[in-house]
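*Asks:* The chain contents come next:
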Amino acid sequence: MVLKRTPKDVFFDVLIYFIVALLGIITVGPFLYVLMVSFITSADYKIYGITFPKHWTLANYKYVIFGVDVVRQGYVVTIFVTVVGTFLATLTTTLLGFCLTRKNMPGRGFVNRLITFTMFFSGGMIPPYLTIKYLGLMNTIWCMIFPLSYSAWNTMIMRTSISGLPVSLEESAWIDGATDLQIAFRIIIPLSKPVIATISLFYAVGFWNDWWTAFLYITNKKLYPLQMVLKDLISITSANMATQDSSLAAQMDKTNAAMPSEVMRMTSIVVAVGPILAVYPFVQKYFIRGVLVGSIKG
Amino acid sequence: MMAPALLLFLLFSYLPMVGILISFKDYNIITGFPGIFSSKWVGFQWFKKFFESYYFERLMYNTLKVNLLKLFFGFPAPIIFALLLNEVRSKPFKKVVQTVSYMPHFVSWVVVMQIINSFLSPTQGIINKWITSMGGKAIYFIAEPSWYFPLIVGSAVWKGFGWGSIIYLAAISGIDMEMYEAAVLDGCSRIKQVWYITLPSIKALIVMMLILNVGQLINADFGQIFIYISGNTKLYDIADVIDTYVYRIGLASTRGMSYATAIGLFKSVISLILLSIADFVSKRLGEEGIF
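Chains as they are written, first to last, in the working numbering: chain A, 1 to 298; chain B, 1001 to 1291.
Excised from the complex, chain B in its bound form (with noise of 0.2 Å):
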């Protein structure tokens, strides 16, 4: 009865573990299936590769950069609406702008990319339109290195908050409602009610979330940051990760296979660990691990 999704998860998530193989070879995709096993092995070669590149030090900086951003900006912002939705009284009001939160959520980072074209295009984007208009020149953002950075993690932020915010609702209504009233009797103010009461309630939910998060620090997310800088080789210095690296070594080109999957191992290790890490501290501060 299980046996069509078991099959499903062997297939598509166990099966590609045997591909890992290549990563230890020297293999070329004309050689086919059998090529993963006939090809030659070269140990750890590519690896070496890897860490004397180049580009280690630029990706390995650029993904735990980008990922570190995002965690910084995007990690309390679902946390502070959450804290805000709480405080507002009236529910109507609350319903209608929960709801449209989640509306960035629901969409593809296709969609949201032409998006933000659309405001921000030099020729036809109303931001630049409204420069120009008062005198000033028409700014490229997409294009400028300088606004990647607030673009990719603003969207990314502009994405996650609505949904996000949902788990720490939860855990806020769950909340025992005598705490408020004992503290409005002894005259705690509201933002006091909200330092003292809702986010000590909440505190195991946050490390909980902050874990997690921690263990995808390496992890980009691909497709927004793939469509954003795809082609644009100005930016690839500050925003090209270890992920869009992997893709074009290994996918848009022919012969760097075996490399690519290396890095992708090499990444999946390192998620791996930083997973471990969190659940282990986790633990020891007395919450629930992941494991």
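Excised from the complex, chain A in its bound form (with noise of 0.2 Å):
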């Protein structure tokens, strides 16, 4: 029996469709804007300020990725640290989720516990860095992407997914004298590929947004993320932004009258997070994949 749709359904279907298409706008307009500026021509800047592109330019992305020293070796930096980094973090916890499935491991269990003990407790700010420094990792690509390769939480959703494969599959294996090793990579690996993919994207996001190592260990700017050099660049602290003078943007815009800075800022700001963005919605599936999984063991 099909029940008509009543006036008041109807009203409530415009209310909810105007009520999620505002929350839309809400989270993707601020993205749009800083867009949308970044094509600014700095002519049109000079005259009328920020407004819809008059003229549309590719100018600013050319400046500010090959003429900002800074910013080309930041992405550099970046892309480095979260390669290396993303292959490191996805290659080890693989395995570490794949031993601590293996039921004849001797202290499984205290491993475990091991493990996750680490989300609930840490030695807090201080301690971490005293231990980067004595073990002669400040101020190198390194601590950038050891501290940030290796995560109980990844660690977690790789043991429960590869606990649910077949047994069957490695009995067999097992039966023709397979190794662990050999079960782990001809079997297992090729299996999990969706959830590999999944923690090495979780990985990855988190080695690309990451600014927070390099502030607290790197002194040395060639070193700098590609965050951080966006963190300098725009100064954004609410103290100097009354002048919005002592930024490396203001520098710029001193020697070069061509980049104005708000534009320059916009345009580096694409830069920092347009490969993220533009990805993000493909690979959608195994974000949301990682997280349930995750979250029901967690």
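Bear in mind the hints are in silico, worked out from the structure with no lab data behind them.
Honestly, I wouldn't trust all of these hints.
To be verified - Only part of the chain A face toward chain B is listed, based on derived beta-carbon distances under 8 Å:
#1 13
#2 19
#3 147
#4 281
What the hints assert, rightly or not - Simulated DEER-style distance windows between Cβ atoms:
#5 A/18 with B/1281: 35 to 45 Å
#6 B/1253 with A/36: 37 to 47 Å
#7 A/169 with B/1071: 57 to 67 Å
We treat Cβ as the ideally placed atom computed from N, Cα and C, and that holds for glycine.
Join the two chains, each given in its own frame, into one complex according to the hints.
*Replies:* Below you can see the structure in the form of structure tokens.
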């Protein structure tokens, strides 16, 4: 039996659509604004300030990516850290997750507890700083990679996922005389591709957006990742917003009158977040699955 | 095989715990690594100092306040969003909005703060341009204490509600459709359906998430707050949280490492206690605990 839609139903629908659309606009609006400003020509900016672009240009991008050394350097550092870090993190986490599913592993419960404990307790802010310092990793590219190359959360996702695979697969391989290593690489890993993709995406985003490790441990500007360069570049502290003067942006403004600082800031943002925002819609399902698997067990 | 991963855990999560020692000593960084072990023991001196300090109440108050506010507004937001999305009939529309709602989650606070500044800048921001065009005076939003909490909480909600709704949407999609069909036959309105079917069905999840959040009550989002208040001492009174203070004392100056570490240890212990309480309450309510 099909019920007729009452006016109340229709009203409800319209209201829902309206609110949801509004929420959508609130989330995407600011990004569209940033994108829009990045296309304003400097000539137009001088006359009209920030408006919908009267003329469109890619000159800002050319400048920010190729003309500003620190940005280019930041890109290099960030790409290196992200690629190497994600690879290292995914590999080690996958293997650890695999091992934790081996029922014949001694001390399995202990290792499990060891890992989950790190989610509840840490040394704080200073002890890690001292650790990095005394391990000799200060001001190296590795201090931006190692501390983020492991995650109890991702390990649990891996472990849960692998333990969900049918045991019969490994059993037949085991009967045929395969070692654990072979079972891992020939059977389990190929079957776990979606989960591996998921955690590597989580790691990648973490590496890409990280500014915290650089902020604490790096003083060599050549090693600044993109987010750190951005932070410096736009110097968004509420204190010096009064002058909007102390940032690198203003400096560049003086040396290159062709590049107004607000426009450059927006372009820098697009350059810094563009890759992630462009990619994530297509790999959503991995993220979503990861959140669900992790939360159930977490 | 698992050695590399375990090594990372041990080196970067457990090895630092050795450094906690210095919260009971008078450590000077000049003494280097051996200094961690050779420095003089001072027992609970730093903890006493913190509890008696002028800043203790303010920091505790600020930390709890900002987190409670974020909890109050930020906790229901993903749930409400999930409920709203669930009522949307058009699948494509729902998918698009859902995808778009994750955007803020994928950018760092550095970027978010800059976007906020772009909108709210006293000289260039469009909000102020609009205000001045209507004859008003430009408001320096980011520097004003009265705007601090709305902005901090608001931006946190903006950044998190889409991503946070993932888990609720998943739970809602698992609800048995027969219940809705029966309700419709009985003449139940859409709103009543949400109240009597949808919400109770995800009650367990909501309780679980709430408890997890409460366990985090003392861990303010350092990144966000730090970037926001950096250098603006006018805001310290209301905005300074334990972590930002620890950073200033422990890393931005040279003599306060032991003190800062002690405060950090205090915070970690409180966090552990909060989580244990949360776990206990959760189990008492019949849900699964965290431990």
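*Asks:* Please name the hints from earlier in the document that this structure breaks, with their numbers sorted from lowest to highest.
*Replies:* The structure breaks only hint 7.
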